[in-house]
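Participant: Residue numbers (the working numbering), protein chains in the order written: chain A, 1 to 282; chain B, 1001 to 1724.
Bear in mind the hints are in silico, worked out from the structure with no lab data behind them.
All residues carry an ideal CB built from backbone N, CA and C; glycine is no exception.
A portion of the hints provided could be inaccurate.
[As the list claims (entries may be wrong)] Coverage of chain B stretches by chain A, computed from C-beta distances (three or more under 8 Å per stretch; other residues unrestricted):
1) 1064-1070
2) 1268-1281
3) 1439-1453
4) 1606-1613
5) 1652-1661
6) 1703-1713
[To be verified] Below, a list of computed lysine-lysine pairs in the DSS-like style, where the Cα atoms sit at most 25 Å apart:
7) A/Lys269 with B/Lys1642
8) B/Lys1531 with A/Lys269
9) B/Lys1642 with B/Lys1526
10) B/Lys1048 with B/Lys1037
11) B/Lys1026 with A/Lys137
12) B/Lys1026 with B/Lys1048
13) B/Lys1037 with B/Lys1026
14) B/Lys1213 with B/Lys1189
15) A/Lys109 with B/Lys1715
16) B/Lys1526 with A/Lys269
17) B/Lys1361 with B/Lys1218
18) B/Lys1361 with B/Lys1213
19) B/Lys1526 with A/Lys8
20) B/Lys1212 with B/Lys1189
21) B/Lys1361 with B/Lys1196
22) B/Lys1361 with B/Lys1212
23) B/Lys1329 with B/Lys1037
24) B/Lys1531 with A/Lys8
25) B/Lys1642 with B/Lys1715
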Amino acid sequence: MKKPSGLKMAFIHAGLSLMCMVTLYPVLWVVKMALSPSDGLSLTANPFPDAVTFDHFREVLLSTDVHGRWVFGRQVLSSIIVSGATTVVGLTLAVTAAYALSRFRFPGKEGGMQALLITQMFPATLMLVPIYSILQKLRLLDSLTGLVLVYATTALPFCIWMLKGYFDTLPRELEEAAVMDGATPLQVFLRVVLPLARPALAVTALFSFMTAWNEFVLAATLINDPTRFTLPVALQRYVGEYKVEWGKFAACALVVSAPVMALFFALQKHLVGGLTAGGVKG
Amino acid sequence: MRRLCALVLLAAAWCAHAAEGPAPLKLWHAYRGGEEKALLEATNLYTKETGVRVDLLALPYDAYAAKLTNAIPHGAGPDVFIFNHERLRNFHSQNLVAPTRGAFRREDYFSNTVEALEVDGQVYGYPMSLKSLALYVNTKLVPRPPTTTAELLALLPTLSNPAEGRFGLAYESGDFYFHAPFLFGFDGKLFDEAGKASFDTPGMARSLAFVKKLQDEKLMPQEVSGALVKTLFNDGRAAMIISGPWFAGEIAPSVAYRVVALPTVSETGTPLRPFLGVEAAFVTARTEQASTAHELARFLSLGEASRVRTTLGRQIPADVQAYQLQAVKDDTLISSFREAAVNATPMPNTLEMARVWEPMKLTLRAVLQGGAQPEDAGALADRRYRALHRERPPEANPVPWLGLVGVMAVGGTAWVLRRPAPGMTFRQRYPDVARAATYVAPAAVGLLVLVFIPFSVGLGLSLFHHEAGQYTFVGLANFVDILASRGYSITEPLSFYFTLVVTLLWAAVNVVLHVSIGLGLALLLKDPLLKLRGVYRVLLIIPWAVPNYITALMWKGMFHQQFGAINGLLVALGLEPVSWFTRFSTAFAANVATNTWLGFPFMMVVALGALQSIPPELYEAAEVDGASRWTQFRHITLPLLKPAMLPAVILGSVWTFNMFNIIYLVSGGEPGGATDILVSEAFRWAFQRNEQYGFAAAYSVLIFVVLLGWSVFTKRLMRTEEAA
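Using the sequences provided together with the hints, build the complete structure.
Facilitator: Right under this line is the structure:
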């Protein structure tokens, strides 16, 4: 490929910087609210804080319940447990199912794939009422286990589709070669297929983690004990009907978003390959 | 290592589940701050006296009622809960609350609070405190509070200076609860003799005209939220505000204030009459410890507990004896509110009351935003009211339906069985069924239980009418009502067709913007020699990483008319600030801007991946053949992008179609529900309009059908793609 001219490069940089500014502006605005001492909003375009205080962060991070227990720590812990377990459970289920759909022939395969897509089209909020009754029958209401199962399964259709697409692009010859070398089917799956699928696994894991980390309607409905609330539900308490505490909301929002951003940065190289490799071959 | 982590996490999840002790009394409430502390103190007193432990649970107000109606019938609810009386009829018809008994005596409480808790002559719940509105006055700015509206009108211009953001009066003018005092003050009525809501009255028009005038003359701010009222009053930029006792805890210590009764309307001689709400402790019908639960509820409403709630929680007790206490006598806030409550209109606890909020809110906002004239508003509210509160459709006979389902099941089985016999045996055709089954089974079980069953229940629900806990089989009546657009013309926001068009427009505009911005950025970013490429890419995917309800709330704040960053930018550029949510075009644009910010990174990443997979040799060959840049883009880039972008576009369009959070949180459907899309409309039917689950399910089924049609269309697109 030809090396682009200096003028063109300057144009590209200008365009990208402009877009980055547009992208960052709302984020800076939230940072400003989190750091500003007043609790309200003010009509200025300037996204940088005039005065800096860490009070909002301190109050959010050290928040306690009426019994004086440090709830924020517990809420972080339950968020981590829920998201971690959702990722593990979701990925395990998705990987095995996607592998079977990609490699084996069995009755109901085509129909199953279609059915997975179809479930994505029914509005999730309306499934809330039946899900509530089912979890109650399974005695999993107000438990993190129930929440994990719901998150893991609702993320499944997307995860399975993504992974199946990726598995389809992996050459079967490698697996056949491994079988020739005397590997058992399980060994082939664990030692050959999974390492090859690493970019797609990373993206799927990220997706499952995000589903669980960010969701709040189900968490708010299914969990009763405030020490088991996940962070988005904790955030909700700063956005009351009559009182929005913008400073604390912004601080908490940053705390909630930070881990997902960190994961994105860590996985962003895989993101490009993992998302599209499956798509390219359909 | 990975497996170990997984085990630890799973074990931790199980432990969290298993760590449940023996059951003390469960008490639910939605208090925060001082009120919550007082309640804790009061329950501690109870525990000290009786030895019975009480577990408190504070719930976010928005989720509270839904949670109660879900949890109690399932036996997962509290023993006692604290709620306002106006939902009582609803709770009663769903059989959630138990009548008072034992030591309950009417004469312990103000009689109107007990009456508020009566249904068919039975008292449900122990009255705890009164909630109503009064005037908070900044005494530095207003030494003599106005007692009539004439005095108020004379005073306001001297206290207001919109250029400096100062206002004589501020209150949440878009909320009917806050408008009610004006309605009753202008001798308006909300219910006729039969107890039916009626909006088209002269009082309604006069009250709306009065408030509209205050706003148009900039004597009070527009689009007021609770947070804004608090900020203005604490900064000394609002001289007077209208709020309830809960506001006392929000006032900064530097502000000197008084609380007085709302002024009297000079034209009518009637005082501005706020609603009187009674907060009560209700015992749930399903509690297993009924006698202790009643004991606790009564304990909280009287004696020592009401002293604590008054002094620590700043609540206005319903307990007559409390006013004999010196601490309460000395408390001017409590006594002022008690006096102000004398004028208050007890809010009826009828089902009808719960139905007036949405039509009134829509109408109130339409008037304040200039979309409707005060004199036409009543008729508008009337129409909305009739549309939102459908009469129950006639019951249908389920037998033909069951028959139909049976016939379909038999027919389906027969069709499967009579398929041409395969030339091979089952085992030959599907050699690895057993292995496939072991791989698929775990996911299949999970999906079956938590996705397909709820999905089928949702489908089935669309054939029922749900009202106050009762399901009636009505066949296709819900669908007929929706598709015939019963109650409103198809050009009105509440019609299915109007919402469908908005939804399609919403999805199309968003997907076009997402794809073009994403693709444009990917083209800029694709050159591997570009400096700072990694930095740009990282910065540009940030919006994807922010949870979308945070994005929504953040942008909602940015679009605020008086204090948002967007209008800040406009003002900095010398333009007029825009009131974003008063017109369809700007409200829709605000939604689109938010969702575009949120959605372009996904398309960018997909496009980038696809661009990188195009071999550079193709371009080199084209270069040699003398093809122009544009020809290269048209004939190499676009065709090779298509297979990767098409699935992403399809997925993106389905996501956008059902993007509930952005619509619900940014525009909230304003103005007048015009920017609602099908999903948010379905949500409102299910959770905000008397829980019409069946009707909402019918909406969902229609959404599903539309998307199914879309997927059939795109599948054809994909197939021609493969053939090409």
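Participant: If a hint holds in the structure, say so; if it doesn't, say that too.
Facilitator: Hint check results:
1. 1064-1070: holds (count 3)
2. 1268-1281: violated (count 0)
3. 1439-1453: holds (count 12)
4. 1606-1613: Answer holds; 6 residues pass the 8 Å Cβ test.
5. 1652-1661: Per the Cβ count (3), the hint holds.
6. 1703-1713: holds (count 5)
7. A/Lys269 with B/Lys1642: Measuring from Cα to Cα gives roughly 22 Å; hence the hint holds.
8. B/Lys1531 with A/Lys269: Measuring from Cα to Cα gives roughly 16 Å; hence the hint holds.
9. B/Lys1642 with B/Lys1526: holds (17 Å)
10. B/Lys1048 with B/Lys1037: Within the cut-off at roughly 16 Å; holds.
11. B/Lys1026 with A/Lys137: Since the Cα atoms of lysine 1026 of chain B and lysine 137 of chain A sit roughly 21 Å apart, the hinted pair holds (cutoff 25 Å).
12. B/Lys1026 with B/Lys1048: At roughly 16 Å apart (the allowed maximum being 25 Å), lysine 1048 of chain B and lysine 1026 of chain B satisfy the hint.
13. B/Lys1037 with B/Lys1026: holds (17 Å)
14. B/Lys1213 with B/Lys1189: holds (21 Å)
15. A/Lys109 with B/Lys1715: holds (17 Å)
16. B/Lys1526 with A/Lys269: Holds. Lysine 1526 of chain B to lysine 269 of chain A sits at ~14 Å (cutoff 25 Å).
17. B/Lys1361 with B/Lys1218: Status holds; Cα separation ~21 Å.
18. B/Lys1361 with B/Lys1213: holds (18 Å)
19. B/Lys1526 with A/Lys8: It holds: about 14 Å lies between the C-alpha atoms, which stays within 25 Å.
20. B/Lys1212 with B/Lys1189: holds (19 Å)
21. B/Lys1361 with B/Lys1196: holds (18 Å)
22. B/Lys1361 with B/Lys1212: Holds, at about 14 Å.
23. B/Lys1329 with B/Lys1037: holds (22 Å)
24. B/Lys1531 with A/Lys8: holds (13 Å)
25. B/Lys1642 with B/Lys1715: holds (14 Å)
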